[in-house]
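Which chain is which? The protein sequence lines are A, B and C, in order.
Residues in the first sequence are numbered consecutively from 1, following my numbering.
Residues in the second sequence are numbered consecutively from 1001, following my numbering.
Residues in the third sequence are numbered consecutively from 2001, following my numbering.
Since the hints were derived computationally from the structure, they do not count as laboratory data.
Glycine included, C-beta positions come from ideal geometry on N, C-alpha and C.
Hints are not guaranteed to be accurate.
[What the hints assert, rightly or not] Below, in silico cross-link-like pairs of lysine to aspartate or glutamate (EDC-like), each with a Cα-Cα straight-line distance of 20 Å or less:
#	chain 1	residue 1	chain 2	residue 2
1	B	1299	C	2112
2	A	167	A	182
3	B	1199	A	249
4	A	69	B	1157
5	A	267	A	278
6	A	263	A	285
[Unchecked claim] From chain B, some residues computed to sit far from chain A (all C-beta separations above 10 Å):
#	residue
7	1118
8	1202
9	1234
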Amino acid sequence: MSALTFEAVRKTFGSNVALEGFDLNLHQGELVTLLGPSGCGKTTGLRIAAGFERADSGRILVEGADISKMPPHKRNMGMVFQSYSLFPNLTVTGNVEYGLRTRRIEKAERDRRVAEVLELVQLTALGSRYAHQLSGGQQQRVALARALAVRPRVLLLDEPLSALDAKVRTTLRDEIRRIQTEVGITTLFVTHDQEEALAISDRICVMSNGQIEQLGTPTEVYRKPATAFVARFVGTMNVLPATISGATEANVNGTRIAVPNAKGMGKGSEISLLVRPEDLTLATDGLAGTVTSITFQGASTLVGVRLDVIDQLVSIDVGQGGADSLTLGDRVGVGVNGSNAVCEPTH
Amino acid sequence: MSNTVEDPIAGGVLIEDSPSAKVPAVSRLRRHRAWLGLLPFFAFLFIFLLLPTLGVIRKAFLANDDTYTTKGFTTAISQEGAAFWNSLKISLITAILGVIFGTALAYAAATAKRPKWLRSLVSAFSGVAANMGGIILAFLFLTLLGRQGLGTKILTDNGWNPYKSWFSINDFSGVVLVYMYFQIPLMVLVTLPAIDGLKTSWREASANLGGTTLTYWRRVGLPVLAPSMLGGFLLLFANAYSAYATAYALNTQSNLVPIKISFFLQGDVTGRSPVPFALATWMILFMAVSMGGYLVLRKRAERWQQSAVA
Amino acid sequence: MAAISSRLKAYLGRIGPSLVLLAAAVFFIAPILSTARAAFHKVPTILLDRHTWFKKWSLEGVRRALDEPFFWPTLSLSLKLALVTVLITMMLLVPTALFVHLRLPRARALVEFLTVLPYVVPPIALVAGVAAFFRPNARWFLNSDFALAPFYVVMAMPFTYRAIDAGIKAIDVRTLVDASRSLGGSWATTLRKALLPNMASSLLSSAFLTATVVLGEFTIASTLAKNTFATFSFEYFSRDAQGGVGLALFTLLATTALLGMMTLLTRSKSRKAATVTRF
């Protein structure tokens, strides 16, 4: 049985359609990320699940039961907000046991659970501190502990890392994933950061303008983007102007490239061919160009090449050591592997 | 090879090998001299605030025969005990009422979503009304609820003559009512920022954790607002206690300390009696304690409003 | 049953604030309305009924007030006092605030504390102090009507300093000064072209606020027996109630207009970002 289901949810704010025909099933224990730019409807979806917004039509189901009309305080979900959600007048312990007190759990059991969950987020020593005495990362960990203390059925995370420093963001995101798998709780995660989504999700739901663009595992979404939007939003893409020259073939200024995704597109139509940096290689018989930049990134190196014939800048991932013999201004050839390329009609 | 080093900031010579050579002597002098820039400010306050205040305190200790005594203070209390008591009553009552209605109004204005200009209107009006005191306010209420007032006439025509009952604009009840006109806005001004500081995420987090609206207010909302509300109470108390012009213009029959001070000052041409000055000193003391308390509470409230460190 | 009471609670929750706002509106507007009626309607209250209500409305009361011999002299004195007070305030507090920000940040806590001190000495106590100190020692000072100005500066200091300080905090003073000085500007030029234009809105709003306080100040003026607009208004009211009320209304409208202008000015100016202007 699905742990959390969105069934044909639609929500409008005035004349703005925030969500349209939104269908999503979360399996027990999985972490699904709603990923997209601001305004795509991801936060709206989360808030409808939490009960802070009411869908215009459609249903929300938890383990099969319809909770669409239930007020938020009865839904038994845990939520972590983007920032500043800790109660300032209560200590860390006071915050974490808040949900336990509303459920009238007695002191002994409360203390036990608080200790248990503070240990989970590794903040056992900070029980008597107040929110303003904690760093941003620590505050979010307390918020997580507070949400988990009540043992909710579903965990909702609304861009919990967006307000934090870059370094803290990476450590905390891995910790959230660790805790989530350890506890085994079904989790809905909202973010606009595609790197975050790729790093921690079981499945990613890429959204745009209130609709789902693609639902798949991180690998699927990255390697086989279903639409041009997904291709551009997740990871980086090179854009090559091309024409469809066959059933599964595209023509980039004379060079013919096999592109399986060209199927179904009209011959002769103008497209943008979207290719990942790792699908480009340095090949002597490829498109001619000049090296304009060499960016060392540790595990890989990105080589920027300005192509002669189309005056386009492409980025080639040459892996470790692949650029050792290159200098700026060198003449090179660029080979294109079209097996994962996406065709985007141009107009 | 000398042990002197040139000070990169002040350009002078650093004192060599002295234990306090952390601060170069030249720039230390410079730093002290910098305080001279504040001299006009200090001098102005000294002449026009400190000297009068010291004058009041000194005169309070000076008896009629030019000897120093504390009798002035005790006479002030025994002679004008009624005035003290009345001033205290008015300040307490208008402060409590001001806190209740002011908070309610501030909350209503802060949470109102339509129309959008409502909040700015309340805020702007409060800014005007809180500073309105004086005689204009008295005139306004005299035309409404004075013996010849429009409101009085309307009420009487419809069955209830307030003046035959317990109300009179010149009396205690009148002063309390009129004071509310600036006490409530003052409370609104002080409380609006505090209510804005109540983050929606707290409300939602509380609901998410199973709390009802009552739970939220009882365990988060009111405790967070408490320092501001208490501070507001103190501010309103001090404000009512020191108000003079309105009470004067209402020609109030109720005996109040500020009125008494002015009465004595104007009556006593020789300026010998310590009583008005003792009364004024008591007042300054009250104000110092109230304002001190208000500032401490405000700092407390502000600390909770900035929740993040990093 | 539970559903009904929770719906009822939700309904009350929604109309509660509106009721409060309505009650507040009535309480705060009623006195103004009754004052307007008293000023423009030449019918004594006891005679008011359905027949007399619509007759005898005129601007007579206000006109009588304006014709009073002491109206213009006292108004002009109060306006001049307001101007002098604002000037002293600006010349004293703006350099002080800038100095604290730029040269002596350690003095900030002390200066802020000092500017709040006037709250502790309310006008009635301050005027007692004036009587205690200045009357015996510097009677010549009190003879001038403008002796009121410095005390008004002190009275207004808590708000005015706060407003000026806020205006400075809102712009990056350090950067503006450094930019201006590095481009060759003297301190005077820096002040005139880089700092003041960007602080204009907070300076203006504190000036307007000071002016309203001065125009309405009664306590000190009356105790020191000066003829300001406020003392005149009171004396006139005790003589001629309807005229006095007309005058009160006039003052009220003027004050509201001043503060309205101030809010408009500060709102539009706060939208512009601070820049070093016109070099």
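Now for the hints, and whether the structure bears them out:
Of the supplied pair hints, the one linking residue 1299/B and residue 2112/C holds, its CA atoms being roughly 14 Å apart against a limit of 20 Å. Between residue 167/A and residue 182/A the alpha-carbon distance is near 23 Å, which puts this suggested pair outside the 20 Å criterion. For the hint pairing residue 1199/B with residue 249/A, the CA-to-CA distance comes to about 56 Å; that exceeds 20 Å, so the pair is violated. A threshold of 20 Å between alpha carbons decides the hint, and for residue 69/A with residue 1157/B the separation of about 53 Å lies outside it, so the pair is violated.
Among the hinted pairs, residue 267/A with residue 278/A is inconsistent with the structure: their alpha-carbon atoms are about 27 Å apart, more than 20 Å. Proximity of residue 263/A to residue 285/A is assessed by CA-CA distance (about 26 Å); at most 20 Å being required, the pair is judged violated. No beta-carbon of chain A comes within 10 Å of the beta-carbon of residue 1118/B; the shortest separation is about 19 Å. Non-interface call for residue 1202/B relative to chain A: violated, since the shortest CB-CB distance, roughly 6 Å, does not exceed 10 Å.
With a minimum CB-CB distance of about 20 Å to chain A, residue 1234/B clears the 10 Å threshold, and the non-interface call stands.
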